[in-house]
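Chemist: Chain by chain, the residues:
Number of protein chains: 2
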Amino acid sequence: MDAKDLDTPVVTIDLDVMERTIRRTQEYFDRHGIAFRPHIKTHKIPAIAHLQVDAGARGITCQKLGEAEVFLAAGLKDILIPYNIMGEEKLDRLGRLARQASAGGQITVCVDSAFTAEGISRAASRAGVEIGVEVECDTGMHRAGVQSPQEAADLAALIARLPGLRFRGWMTYPTTPETVSFFEEASRLLGPSGPTAEVRSGGGTPSMWQAHEALPVVNEYRAGTYVYFDRNSVGAGAATWDDCAMLVHMTVVSRPTRDRAILDGGSKTLSSDTTGEGNKGFGRIVEYPEAVLYGQSEEHGHVDLSACPPERRPELGERVTVIPNHCCVTTNLQDEVVGVRGGKVEITWPVLARGKIR
Amino acid sequence: MDAKDLDTPVVTIDLDVMERTIRRTQEYFDRHGIAFRPHIKTHKIPAIAHLQVDAGARGITCQKLGEAEVFLAAGLKDILIPYNIMGEEKLDRLGRLARQASAGGQITVCVDSAFTAEGISRAASRAGVEIGVEVECDTGMHRAGVQSPQEAADLAALIARLPGLRFRGWMTYPTTPETVSFFEEASRLLGPSGPTAEVRSGGGTPSMWQAHEALPVVNEYRAGTYVYFDRNSVGAGAATWDDCAMLVHMTVVSRPTRDRAILDGGSKTLSSDTTGEGNKGFGRIVEYPEAVLYGQSEEHGHVDLSACPPERRPELGERVTVIPNHCCVTTNLQDEVVGVRGGKVEITWPVLARGKIR
Numbered sequence: 001m002d003a004k005d006l007d008t009p010v011v012t013i014d015l016d017v018m019e020r021t022i023r024r025t026q027e028y029f030d031r032h033g034i035a036f037r038p039h040i041k042t043h044k045i046p047a048i049a050h051l052q053v054d055a056g057a058r059g060i061t062c063q064k065l066g067e068a069e070v071f072l073a074a075g076l077k078d079i080l081i082p083y084n085i086m087g088e089e090k091l092d093r094l095g096r097l098a099r100q101a102s103a104g105g106q107i108t109v110c111v112d113s114a115f116t117a118e119g120i121s122r123a124a125s126r127a128g129v130e131i132g133v134e135v136e137c138d139t140g141m142h143r144a145g146v147q148s149p150q151e152a153a154d155l156a157a158l159i160a161r162l163p164g165l166r167f168r169g170w171m172t173y174p175t176t177p178e179t180v181s182f183f184e185e186a187s188r189l190l191g192p193s194g195p196t197a198e199v200r201s202g203g204g205t206p207s208m209w210q211a212h213e214a215l216p217v218v219n220e221y222r223a224g225t226y227v228y229f230d231r232n233s234v235g236a237g238a239a240t241w242d243d244c245a246m247l248v249h250m251t252v253v254s255r256p257t258r259d260r261a262i263l264d265g266g267s268k269t270l271s272s273d274t275t276g277e278g279n280k281g282f283g284r285i286v287e288y289p290e291a292v293l294y295g296q297s298e299e300h301g302h303v304d305l306s307a308c309p310p311e312r313r314p315e316l317g318e319r320v321t322v323i324p325n326h327c328c329v330t331t332n333l334q335d336e337v338v339g340v341r342g343g344k345v346e347i348t349w350p351v352l353a354r355g356k357i358r
Numbered sequence: 001m002d003a004k005d006l007d008t009p010v011v012t013i014d015l016d017v018m019e020r021t022i023r024r025t026q027e028y029f030d031r032h033g034i035a036f037r038p039h040i041k042t043h044k045i046p047a048i049a050h051l052q053v054d055a056g057a058r059g060i061t062c063q064k065l066g067e068a069e070v071f072l073a074a075g076l077k078d079i080l081i082p083y084n085i086m087g088e089e090k091l092d093r094l095g096r097l098a099r100q101a102s103a104g105g106q107i108t109v110c111v112d113s114a115f116t117a118e119g120i121s122r123a124a125s126r127a128g129v130e131i132g133v134e135v136e137c138d139t140g141m142h143r144a145g146v147q148s149p150q151e152a153a154d155l156a157a158l159i160a161r162l163p164g165l166r167f168r169g170w171m172t173y174p175t176t177p178e179t180v181s182f183f184e185e186a187s188r189l190l191g192p193s194g195p196t197a198e199v200r201s202g203g204g205t206p207s208m209w210q211a212h213e214a215l216p217v218v219n220e221y222r223a224g225t226y227v228y229f230d231r232n233s234v235g236a237g238a239a240t241w242d243d244c245a246m247l248v249h250m251t252v253v254s255r256p257t258r259d260r261a262i263l264d265g266g267s268k269t270l271s272s273d274t275t276g277e278g279n280k281g282f283g284r285i286v287e288y289p290e291a292v293l294y295g296q297s298e299e300h301g302h303v304d305l306s307a308c309p310p311e312r313r314p315e316l317g318e319r320v321t322v323i324p325n326h327c328c329v330t331t332n333l334q335d336e337v338v339g340v341r342g343g344k345v346e347i348t349w350p351v352l353a354r355g356k357i358r
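Heads up: the protein sequence lines correspond to chains A and B, in order.
Mapping to the numbering used here: the first sequence position 356 is 356, numbers consecutive.
Mapping to the numbering used here: the second sequence position 240 is 240, numbers consecutive.
Hints in this document: simulated from the structure, not taken from any laboratory.
Among the hints, a few may not be true.
Put simply, identical chains are the same to the list, so a pair is met inside one copy or across any two.
Stated by the list, open to error - Under the rule of at most 16 angstroms between Cα atoms (straight-line distance), these lysine to aspartate or glutamate pairs were calculated in the EDC-like manner:
no., residue 1, residue 2
1, 4, 213
2, 4, 89
3, 77, 27
4, 77, 304
5, 344, 2
6, 77, 287
7, 280, 130
8, 280, 315
9, 4, 88
10, 77, 130
Note that the coordinates shown come from a computational prediction; the quantities given were computed from them, not determined experimentally.
Work out the full structure, taking the sequences as your base and the hints as a guide.
Modeler: The structure is reproduced here in structure tokens:
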């Protein structure tokens with residue numbers, strides 16, 4: 001079947017493009033001796049995680065426990081969950097997950113407080129397993145994370161004392177100029193007799209190709225978006241349009257005026273994630289790069305054609321291809337995506353870890 | 001089980017609040033003699049549509065064919081799909097749906113072009129059924145829809161001539177001051193010997209309580225959001241906070257600074273839909289109304305506490321309740337929602353029509 005015969009809206013993944021990116025990215029990290037731990041939030045599909053690990057990734061990153069459960073069940077055994085897991089129900093799930101992974105794999109989590117660390121310790125003790133723990137550091141994102149190297153070192157010392165936990169190192173997102181000095185100082189503060197921060201994990205697709213500049217301090221890297229790339233990645237200079245593997249095929253279902261086209265997908269298909277200044281709208285229309293997807297309803301994309309040449313504008317019933325602003329959130333809206341090679345449908349993948357909010 | 005023991009993030013529906021709203025809204029439309037056709041996009045749950053129809057709704061509105069398939073299979077037999085349906089695969093599905101519904105029900109669709117109308121006519125002929133058609137009119141939204149009463153009348157005349165179609169009337173969204181004059185003029189242009197616009201359908205929760213002001217021209221009304229209401233509804237003056245039935249329960253998983261809290265749900269739980277000017281952020285935190293949910297990552301909510309009194313700020317591990325900006329898109333991110341009455345869990349509903357983008 002040809003991809004162009006798939007009913008719209010539909011999300012396809014260009015397999016040649018994705019596989020090339022997986023190879024090229026792993027080669028980059030291998031060349032620099034940085035361990036790579038791709039984030040599965042972008043695809044949520046175990047088959048793709050296996051491609052990443054087979055290419056040489058150390059393991060994977062999942063953002064929620066429910067994602068890790070899906071991926072461990074699919075044979076991905078080395079999983080980092082860079083999240084403060086708390087509450088007795090989740091702690092019990094974490095204990096079971098860690099016990100299951102301990103046969104040949106490992107679960108590592110991140111914490112930024114004694115409160116979280118103590119909960120993880122209880123979970124490990126109850127499950128009779130050891131759980132690896134990294135300290136989440138805020139090195140510029142201003143989201144979660146300890147605020148200073150001293151806090152990081154103090155929390156590491158607590159983790160090293162708590163039963164059932166193994167201190168593994170530092171984790172931050174994204175990787176900023178402050179990351180190196182923060183990690184260095186935190187490691188220094190651990191002292192010669194303290195625990196060792198073996199893993200020093202940075203992350204983020206936009207600055208991925210500069211990861212080696214943070215060597216040797218940052219020695220592990222997490223990236224998710226890279227696997228498909230998207231409009232934000234191109235905007236950040238991390239990819240070209242030809243690197244974008246995720247395409248959203250839509251149909252022009254209305255041409256109410258000369259300058260307006262309406263597509264059959266809106267925020268329920270692409271998400272309402274916006275993008276940086278100067279790169280407005282909700283996606284790039286490949287065939288009509290001058291067109292602006294300026295607005296969305298849940299099921300309608302609102303396109304301004306006024307910048308398109310009058311003789312080259314999409315017709316009613318025509319199919320167009322959209323590169324989304326942010327492929328991760330587009331993934332989470334799909335029950336399945338279609339893998340395409342050379343324009344032919346090769347596989348339909350259910351998005352197995354979609355919607356795992358807990 | 002108490003709702004407060006549900007693991008987070010989780011979406012609950014206060015059943016008393018929702019049932020009161022369904023009653024009160026239907027009473028309003030009954031009192032004014034306006035047919036009410038609730039839009040199921042907000043809940044995507046057939047059990048709730050049955051409550052709406054049992055309360056007196058004429059039928060339901062679905063935005064996509066895939067939603068209509070789910071709801072017809074669940075016994076909802078009078079369905080309007082206010083969308084330009086096109087492409088042979090969808091036209092075949094529409095024909096099958098209309099044939100199935102014809103036993104005691106009906107499917108009505110909307111078109112804004114001869115192209116769409118001719119496709120629907122082919123679908124009806126192939127399936128051996130009659131399909132009701134309304135003309136979508138752009139009366140101020142600047143989305144899809146014919147642009148003038150003359151275009152509306154011309155398209156109505158074409159529909160009346162095409163085999164398998166029955167012209168039913170006009171449809172617009174939302175209902176603006178221009179709606180009445182547009183519909184009146186379009187009906188006048190049909191002429192005494194032309195088809196009759198029996199149904200003149202307006203819509204939109206924000207202006208729902210003013211629907212009677214458009215009488216007798218607008219005689220059917222569609223609203224979706226009203227069933228749960230949300231932050232946008234309150235901002236528009238259509239509801240109070242006490243009318244909001246959808247609550248998103250979250251846990252504070254990080255308190256990195258005095259002024260910042262991080263919640264365990266972000267855009268993957270609430271969506272990244274923003275709201276009107278002067279009502280910033282991604283939701284209202286019920287227990288801390290001064291707190292601002294100013295940012296989101298996919299799995300993190302970023303809360304600014306600086307406007308909260310120093311002695312009353314959420315603690316690490318504490319649960320909070322968020323009223324989302326836009327409940328419809330929050331629904332579409334959930335595999336299930338939990339119906340709660342008096343704080344106790346009464347039912348868990350799978351969101352059966354979630355993700356039906358086609």
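Chemist: Now tell me if each hint is right for this structure.
Modeler: Right, here's what the structure says about each hint:
no. : hint        : result
1   : 4 <-> 213   : neither (42 angstroms within a copy, 47 angstroms between copies)
2   : 4 <-> 89    : between (46 angstroms within a copy, 13 angstroms between copies)
3   : 77 <-> 27   : neither (22 angstroms within a copy, 57 angstroms between copies)
4   : 77 <-> 304  : neither (47 angstroms within a copy, 37 angstroms between copies)
5   : 344 <-> 2   : within (5 angstroms within a copy, 51 angstroms between copies)
6   : 77 <-> 287  : neither (41 angstroms within a copy, 40 angstroms between copies)
7   : 280 <-> 130 : neither (47 angstroms within a copy, 43 angstroms between copies)
8   : 280 <-> 315 : neither (23 angstroms within a copy, 38 angstroms between copies)
9   : 4 <-> 88    : between (49 angstroms within a copy, 13 angstroms between copies)
10  : 77 <-> 130  : within (15 angstroms within a copy, 56 angstroms between copies)
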